[in-house]
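Q: Chain by chain, the residues:
Number of protein chains: 2
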Amino acid sequence: MNTSVRQSELFTKTKKETPTDEVSKNAELLIRGGFVHKEMAGVYSYLPLGLKVLRKIENIVREEMNKAGGQEIFMSALQPKENWEKTGRWNDLDVLYKVTDSAGREMALGPTHEEIVVPILKNYVTSYKDLPKALYQIQDKFRMELRSKSGILRGREFMMKDMYSFHSTTEDFEKFYEQMKGVYKNVFERAGIGHITYLTFASGGTFSKYSHEFQTITPAGEDTVYVDEEQGIAINKEVLNDEVLGQLGTTRDKLSEHRAIEVGNIFDLKTKYSAPFDLTFTDEKGGKLPVLMGCYGIGIGRLMGTVVEALADDKGIIWPEAIAPFRVHLLMLGKEADVAAEAEKVYSTLSRASVEVLFDDRADVSAGEKFSDSDLLGIPYRAVVSARSIKENGIELKKRTEEKGKIVSIDELLTCLK
Amino acid sequence: MNTSVRQSELFTKTKKETPTDEVSKNAELLIRGGFVHKEMAGVYSYLPLGLKVLRKIENIVREEMNKAGGQEIFMSALQPKENWEKTGRWNDLDVLYKVTDSAGREMALGPTHEEIVVPILKNYVTSYKDLPKALYQIQDKFRMELRSKSGILRGREFMMKDMYSFHSTTEDFEKFYEQMKGVYKNVFERAGIGHITYLTFASGGTFSKYSHEFQTITPAGEDTVYVDEEQGIAINKEVLNDEVLGQLGTTRDKLSEHRAIEVGNIFDLKTKYSAPFDLTFTDEKGGKLPVLMGCYGIGIGRLMGTVVEALADDKGIIWPEAIAPFRVHLLMLGKEADVAAEAEKVYSTLSRASVEVLFDDRADVSAGEKFSDSDLLGIPYRAVVSARSIKENGIELKKRTEEKGKIVSIDELLTCLK
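So the sequence lines, in the order shown, correspond to chains A and B.
Going by my numbering, the first sequence opens with residue 1, and the numbers climb by one from there.
Going by my numbering, the second sequence opens with residue 1, and the numbers climb by one from there.
Where hints are given, some of them may not hold.
Within a straight-line C-alpha distance of at most 30 Å, the following computed BS3-like cross-link-like pairs (lysine-lysine) qualify [claimed, not checked]:
(1) A:Lys370 <-> A:Lys418
(2) A:Lys38 <-> B:Lys270
(3) A:Lys335 <-> B:Lys133
(4) B:Lys16 <-> A:Lys81
Example chain A residues on the side facing chain B (calculated, C-beta under 10 Å, incomplete) [said to hold, decoys possible]:
(5) Leu10
(6) Glu39
(7) Gly50
(8) Leu51
(9) Leu78
(10) Gln79
(11) Asn83
(12) Lys98
(13) Val99
(14) Thr100
(15) Val117
(16) Gln137
(17) Arg156
(18) Glu157
Hints listed in this document are in silico derivations from the structure and should not be mistaken for laboratory results.
Even for Gly, the Cβ is constructed at its ideal location relative to N, Cα and C.
Generate the whole structure from the sequences, applying the supplied hints.
A: This is the structure:
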């Protein structure tokens with residue numbers, strides 16, 4: 001990935017107009033900024049700026065999964081019908097896209113990968129000595145959402161990290177599950193939304209009474225959660241009952257209600273998927289037992305959309321440093337030769353120091369437009385070179401989240417960005 | 001990506017048996033080595049070792065595309081039917097998978113992306129000043145191959161790099177096209193098959209009389225090509241005629257016949273796809289002209305399969321260094337405490353020096369099995385720690401392509417791998 005890019009060479013441009021067919025803030029801002037392109041409801045292509053953000057989120061997730069002992073794989077989107085029939089989900093899963101070839105053979109288009117990962121493991125697991133294992137991938141998923149109007153928060157096609165863990169004992173599973181809570185916390189901290197993201201007690205779906213979600217507080221959320229600030233945890237509205245309150249040692253008067261987006265979840269699958277595929281292992285005594293499983297998801301695109309929804313202000317996006325497409329947005333204001341020369345000098349100095357910089361070197365764009373584009377794009381630092389900054393012997397540096405900038409020398413700029 | 005891995009912790013294992021449902025060498029060796037898992041004909045999942053190779057090829061391709069001025073994007077697999085109707089390919093393209101949702105709406109599952117990239121560009125190109133541009137992605141493609149028996153050489157789902165270039169003049173297009181020939185040459189050189197890969201004159205399909213392919217010589221190839229060794233070029237059998245011989249300044253007696261695999265292609269699309277979408281630009285005189293296009297493909301998985309077909313010997317795979325899953329396969333032979341201690345020391349020394357190493361630390365596996373696994377996996381360097389190597393004060397180092405190893409000290413080992 002190129003660390004430095006000239007805005008004049010980028011093929012995308014910002015747009016002033018709000019797209020008429022989008023109701024969500026994330027889609028509006030990401031399309032206006034040239035981060036994504038809408039193909040149809042719930043389906044987006046990622047343009048250079050958007051892909052840079054997506055890849056940074058991917059890499060944070062990948063590093064944390066590797067640290068947790070996950071082994072990365074890449075499973076197919078086309079999946080055998082037989083596998084889905086075995087788990088009963090060929091007919092039961094509403095969101096499953098089915099693909100038929102001209103010979104009449106049917107396949108599934110993967111909305112999730114339990115039906116694929118379990119048969120893979122079956123090739124390699126025979127004994128308790130082969131366990132535990134954790135496998136993950138970062139890959140495109142397909143789900144038949146009939147109405148999609150949440151931008152990249154809920155798509156028909158979306159990038160997701162899905163991890164599956166395999167254990168010989170409940171104790172071992174529970175240890176890993178607890179560890180994953182911390183791993184997920186790290187991911188959301190590193191992605192810049194840790195302070196508004198809560199481990200949330202939620203419904204377990206069909207195969208487990210309860211599960212854990214990570215919910216990020218933002219008015220655009222589809223879910224309602226009740227936050228216990230003191231404990232730093234939350235309860236999804238759907239499971240707010242006395243049993244849960246008791247289990248978590250909290251009471252209704254300690255809770256505050258918020259709208260939230262689910263940015264990750266962890267599930268106890270037990271033997272729900274290992275049983276139909278007969279994924280078993282031989283224990284120390286020679287007995288044959290089903291493998292216990294957990295699954296752990298994070299929507300990469302959804303996390304990107306959540307950051308936009310939760311952190312943007314009325315001028316545009318605000319990217320946390322760790323996932324911003326660039327660290328610095330360098331603006332050249334004015335066409336004077338000394339301004340251009342100084343801006344080029346700052347650009348090459350930052351590039352040589354491996355600071356990721358987007359250089360707005362466009363000659364035919366007004367200062368006002370450059371400032372509003374910069375606010376829209378949401379790069380953490382804005383560095384301005386203008387006749388005024390040169391007169392003051394420096395560069396005007398401002399954080400996206402600050403109201404006012406200050407004049408710094410090129411050395412001070414490098415120190416600030418260290 | 002973890003640079004060092006203990007074989008005892010890897011969830012895959014090698015297999016002695018040849019899979020019964022595979023006729024291709026690449027699938028046989030890749031499945032036996034635990035690089036890939038077959039989901040169904042033409043559909044494979046990539047396991048940790050295979051994904052490492054795939055990512056290395058991806059990164060070589062990405063670096064070369066960036067150097068050529070390409071901007072990376074990521075386009076959707078789900079594609080609007082209208083776009084495919086506009087180009088006439090909704091009904092004409094045999095390999096197109098169509099997906100229908102429960103509301104009866106149809107979509108295409110992308111086999112290629114002209115129908116997506118052109119509408120994206122239409123948002124951003126208005127003037128000749130916006131050109132040239134080159135966009136590329138590395139992404140999963142779907143093609144309805146009714147019979148698939150070439151392993152990862154020709155799949156129904158496969159990872160591909162597709163680039164599209166956009167120009168205002170034929171001259172500019174031709175300059176870029178010539179440049180891309182060199183870029184492709186670099187890719188195949190770096191991937192370790194440059195010496196057997198030829199720029200090949202081929203049929204242009206429906207929209208151009210001729211095109212260029214890159215063909216790698218190997219008996220498993222589906223194509224027949226005629227190589228002019230002196231010029232270092234080839235001609236695909238389908239266009240071997242006097243016109244082509246004349247154009248290339250060669251004669252039939254200078255050509256040798258070979259089987260070959262097409263590992264890349266570059267096409268002059270002219271206005272074939274810009275016209276139906278009305279992708280135009282305003283020239284310097286204010287006239288409105290259609291944008292000229294080129295397209296440039298490399299199958300990432302196919303390149304991986306080609307390397308296996310072309311370079312493997314009867315013991316197993318031989319990975320070129322630049323795309324090998326690891327640089328060194330460290331084998332611990334024997335259970336003696338001093339052997340284990342020495343092997344651990346070598347492993348941590350190599351790991352600290354950032355040498356990618358697979359450490360066969362398995363305690364219950366014989367020396368013979370370890371050697372044959374090592375040959376099967378095809379890692380470039382094999383380093384053996386055994387009672388014998390310790391007696392000789394060193395480590396036995398052997399390249400996968402060499403018959404005999406030599407004893408080296410740990411310092412010499414590091415120097416060899418520098």
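Q: Taking the hints in turn, state whether each one holds.
A: Cross-check of the supplied hints:
1. A:Lys370 <-> A:Lys418: This hinted pair holds, its Cα atoms lying about 25 Å apart.
2. A:Lys38 <-> B:Lys270: holds (26 Å)
3. A:Lys335 <-> B:Lys133: Since the Cα atoms of lysine 335 of chain A and lysine 133 of chain B sit roughly 25 Å apart, the hinted pair holds (cutoff 30 Å).
4. B:Lys16 <-> A:Lys81: holds (29 Å)
5. Leu10: holds (7 Å)
6. Glu39: holds (5 Å)
7. Gly50: The hint holds - glycine 50 of chain A has a Cβ within 10 Å of chain B, the shortest such distance being about 8 Å.
8. Leu51: Constraint on leucine 51 of chain A satisfied, holds at 5 Å.
9. Leu78: Constraint on leucine 78 of chain A satisfied, holds at 5 Å.
10. Gln79: With a closest approach of 6 Å, the glutamine 79 of chain A hint holds.
11. Asn83: holds (8 Å)
12. Lys98: With a closest approach of 8 Å, the lysine 98 of chain A hint holds.
13. Val99: holds (5 Å)
14. Thr100: Nearest chain B Cβ about 8 Å off; hint holds.
15. Val117: holds (9 Å)
16. Gln137: holds (8 Å)
17. Arg156: Holds, because the Cβ-Cβ distance from arginine 156 of chain A to chain B comes to roughly 6 Å (cut-off 10 Å).
18. Glu157: Cβ of glutamate 157 of chain A sits 5 Å from chain B, so the hint holds.
When each numbered hint is compared with the structure, no violation occurs for any of them.
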